[in-house]
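Residue numbers (our numbering), protein chains in the order written: chain V, 1 to 66; chain R, 1 to 418.
For the record, the hints were derived by calculation from the structure and aren't laboratory data.
Ideal placement from N, C-alpha and C gives every residue a C-beta, glycine not left out.
Be aware that a few hints might be false.
[As the list claims (entries may be wrong)] One side only, chain R facing chain V, incomplete, derived with CB under 7 angstroms: (1) N180; (2) Y184; (3) S187; (4) S297.
[Stated by the list, open to error] Here are the computed lysine to aspartate or glutamate pairs in the EDC-like style, where the Cα-Cα straight-line distance is at most 20 angstroms: (5) K34/V to E312/R; (6) K360/R to E33/V; (7) K34/V to E418/R; (8) K34/V to D369/R; (9) K300/R to D29/V; (10) K46/V to E312/R; (11) K300/R to E53/V; (12) K46/V to E359/R; (13) K360/R to E9/V; (14) K300/R to D172/R; (15) K313/R to E9/V; (16) K300/R to E25/V; (17) K313/R to E15/V; (18) K36/V to E38/R; (19) K36/R to E33/V; (20) K34/V to E408/R; (21) K386/R to E33/V; (22) K34/V to E307/R; (23) K386/R to E359/R; (24) K417/R to E33/V; (25) K36/V to E141/R; (26) K386/R to D29/V.
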Amino acid sequence: MEKKVSYTEAILELESIVTEIEQGEITIDTLSEKVKRAAELIRICKSKLTSTEEDVNKILGEIKTE
Amino acid sequence: METSLPYQPEVITLSQLTAGIARVFDENFPVSLWIKAELAKLNHYPGSGHCYPSLVEKEKGVIKAEIRGNIWANDFQRINQKFLQVTKEPLKEGIQILFRALVKYHPVYGLSLQISDIDPSYTLGEMAREKTETIIRLKNEGLFERNHLLPVPLLPKRVAIISVNTSKGFSDFINILENNPWGYAFSCILFPAFLQGDKAVESIISQLRRIDSLAEYFDVVTIIRGGGGDVGLTCYDNYFLAKEVALCRLPVLTGIGHSTNETVVEMIAGRNKITPTDVAYFLIQHFHNFSARLEESRLKIVTLSQELIEEEKRGWRELTRRIKPGLLIREKEIGLKNKSEWFAMRVNQLLANHHAVIEKLEQQVHLLDPQNILKRGYSITYHKGKPLTEASGAEPGDMITTRLYKGEINSEIKSKKE
Chain V
1 MEKKVSYTEA ILELESIVTE IEQGEITIDT LSEKVKRAAE LIRICKSKLT STEEDVNKIL
61 GEIKTE
Chain R
1 METSLPYQPE VITLSQLTAG IARVFDENFP VSLWIKAELA KLNHYPGSGH CYPSLVEKEK
61 GVIKAEIRGN IWANDFQRIN QKFLQVTKEP LKEGIQILFR ALVKYHPVYG LSLQISDIDP
121 SYTLGEMARE KTETIIRLKN EGLFERNHLL PVPLLPKRVA IISVNTSKGF SDFINILENN
181 PWGYAFSCIL FPAFLQGDKA VESIISQLRR IDSLAEYFDV VTIIRGGGGD VGLTCYDNYF
241 LAKEVALCRL PVLTGIGHST NETVVEMIAG RNKITPTDVA YFLIQHFHNF SARLEESRLK
301 IVTLSQELIE EEKRGWRELT RRIKPGLLIR EKEIGLKNKS EWFAMRVNQL LANHHAVIEK
361 LEQQVHLLDP QNILKRGYSI TYHKGKPLTE ASGAEPGDMI TTRLYKGEIN SEIKSKKE
């Protein structure tokens with residue numbers, strides 16, 4: 001299930017960016033890129049908390065055919 | 001009528017025979033006896049209220065002995081009430097009973113046991129014994145831990161609910177999920193079933209199988225029941241139902257809401273939260289944990305970035321401070337005004353570009369600023385310097401620091417719930 005995996009991957013990628021910054025491997029130029037990517041990952045994860053799944057309609061269809 | 005045969009057997013009428021048989025029974029079974037057997041069929045006639053049960057004894061599944069019995073209506077009423085009180089189940093087929101009966105032989109209706117009493121504590125004991133056997137059997141089959149080992153996803157959003165929409169437990173559960181103040185979104189589908197009594201086992205198994213065939217559309221299965229009293233819950237000790245739960249490909253969470261001992265299904269289920277509301281809070285807590293992890297990362301990025309930016313700025317200020325006096329000296333010494341001017345312009349250009357990068361970065365970081373979130377009442381709890389997301393990471397007596405929008409609170413943990 002793609003959707004299921006992507007939020008797990010997103011939070012792991014986010015946390016690895018944090019570790020990179022913590023360990024001081026980032027220059028001021030790459031920092032800008034990383035922060036932008038982090039903001040995007042945070043957006044993906046946050047939306048996962050509040051969005052409804054489209055799967056629901058699929059299942060309702062399956063159930064009706066039983 | 002007499003005939004002239006050399007040898008004449010004694011001839012009697014049928015009623016003489018049955019009267020003789022009756023006498024034998026009366027003489028040999030004059031008082032009522034306490035007998036144990038299985039109540040194979042109850043045969044209760046609601047019209048008259050009488051029962052004509054079938055009593056059997058089986059050995060290795062084969063019937064060894066069988067007799068018909070009868071329970072008169074008022075006896076049945078009284079006995080059934082006692083059963084409901086003591087065993088939390090009505091008299092029903094398939095149970096082992098210890099009963100008191102008179103052995104009666106009726107010339108027309110034949111042999112039957114007239115039952116005057118049934119001891120519910122014997123049946124209770126038998127039920128307990130069966131429950132223990134079921135547990136052992138499931139352990140031997142390696143099924144006991146199986147569902148516990150299935151991980152609950154980080155965000156258990158898609159919930160299959162086995163319940164009934166008239167149950168108070170169900171409505172409480174759904175309310176908490178659908179009206180949660182944090183806007184967390186769950187997708188719940190109800191699979192209706194009988195939740196107690198003799199139809200429950202078959203009904204719940206059937207729904208579990210359906211859900212299992214749709215396993216890729218769900219994250220968890222919940223069995224939700226509550227508010228209907230404690231009668232008829234032995235279905236949750238049933239071996240076949242417990243086995244079905246054990247084999248489920250998704251983690252099963254139970255909130256069966258009762259006050260009696262933990263049932264086998266509750267022991268087998270991946271997580272037993274006892275009440276429907278606690279199952280709901282359990283799911284919500286997963287969302288909180290995820291949210292807290294996000295917050296932690298966001299905070300760190302903001303803080304670290306701001307530090308880095310400050311460092312950079314300091315470095316450049318140093319640089320420009322050192323360059324200016326140098327320029328003046330060189331001007332005087334070498335008199336290369338053009339070259340130094342060019343140099344000053346170049347530095348200013350680099351500084352300007354750099355300021356643009358820093359400004360952009362500051363803007364991005366500002367967007368991640370957690371102050372807005374903290375303002376809404378969120379707080380972050382720190383334990384030994386790190387954000388705390390699980391109650392298992394701290395113990396009563398530990399010190400924790402709660403960071404609020406404004407200020408911090410230091411407190412000592414009194415108690416926790418995991």
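Hint check results:
Taking 7 angstroms as the C-beta cut-off, the interface hint given for N180/R is violated, the closest approach to chain V being about 10 angstroms. Checking Y184/R against chain V: minimum C-beta separation of about 6 angstroms stays under 7 angstroms; hint holds. Taking 7 angstroms as the C-beta contact cut-off toward chain V, the hint placing S187/R at the interface holds, the least distance being around 4 angstroms. For S297/R, the interface hint holds, since its Cβ comes within 7 angstroms of a Cβ in chain V; the closest pair sits about 5 angstroms apart.
Among the hinted pairs, K34/V with E312/R is consistent with the structure: their alpha-carbon atoms are about 17 angstroms apart, no more than 20 angstroms. For the suggested pair K360/R and E33/V, the alpha carbons sit about 11 angstroms apart, so the restraint of at most 20 angstroms is met. This hinted pair does not check out: K34/V and E418/R have alpha carbons roughly 36 angstroms apart, beyond 20 angstroms. Distance restraint check for K34/V and D369/R: the Cα-Cα separation of roughly 16 angstroms lies within the 20 angstroms cut-off, and the hinted pair is therefore satisfied.
Restraint check for K300/R and D29/V: the C-alpha separation of about 18 angstroms stays at or below 20 angstroms, so the hint holds. Between K46/V and E312/R, the direct Cα distance comes to roughly 31 angstroms. Violation of the 20 angstroms bound is thereby established for this hinted pair. Restraint check: the Cα-Cα separation between K300/R and E53/V comes to about 30 angstroms, which exceeds 20 angstroms; the hinted pair is violated. At most 20 angstroms may separate the alpha-carbon atoms for a hinted pair to count; K46/V and E359/R exceed this at roughly 26 angstroms.
At roughly 27 angstroms between alpha-carbon atoms, K360/R and E9/V are farther apart than 20 angstroms, so this suggested pair is violated. The hinted pair formed by K300/R and D172/R fails the criterion: a straight-line CA distance of about 38 angstroms is larger than 20 angstroms. For the hint pairing K313/R with E9/V, the CA-to-CA distance comes to about 34 angstroms; that exceeds 20 angstroms, so the pair is violated. For the hint linking K300/R to E25/V, the alpha-carbon distance of about 15 angstroms falls within 20 angstroms, and the restraint holds.
Using a Cα cut-off of 20 angstroms, the hinted pair K313/R and E15/V is violated, with the two alpha carbons roughly 26 angstroms apart. Taking the CA atoms of K36/V and E38/R, the gap is about 73 angstroms. The hint is violated against a cut of 20 angstroms. Taken as a hint, the K36/R and E33/V pair is broken in the structure, with Cα atoms around 80 angstroms apart against an allowance of 20 angstroms. The straight-line distance between the Cα atoms of K34/V and E408/R is roughly 30 angstroms, outside the 20 angstroms bound, and the hint therefore fails.
Restraint check: the Cα-Cα separation between K386/R and E33/V comes to about 27 angstroms, which exceeds 20 angstroms; the hinted pair is violated. Only pairs whose Cα atoms come within 20 angstroms are accepted, and K34/V paired with E307/R is accepted, the gap being roughly 15 angstroms. Restraint check: the Cα-Cα separation between K386/R and E359/R comes to about 30 angstroms, which exceeds 20 angstroms; the hinted pair is violated. Taken as a hint, the K417/R and E33/V pair is broken in the structure, with Cα atoms around 41 angstroms apart against an allowance of 20 angstroms.
At roughly 53 angstroms between alpha-carbon atoms, K36/V and E141/R are farther apart than 20 angstroms, so this suggested pair is violated. Pair hint K386/R plus D29/V does not hold up; C-alpha atoms about 29 angstroms apart against a cutoff of 20 angstroms.
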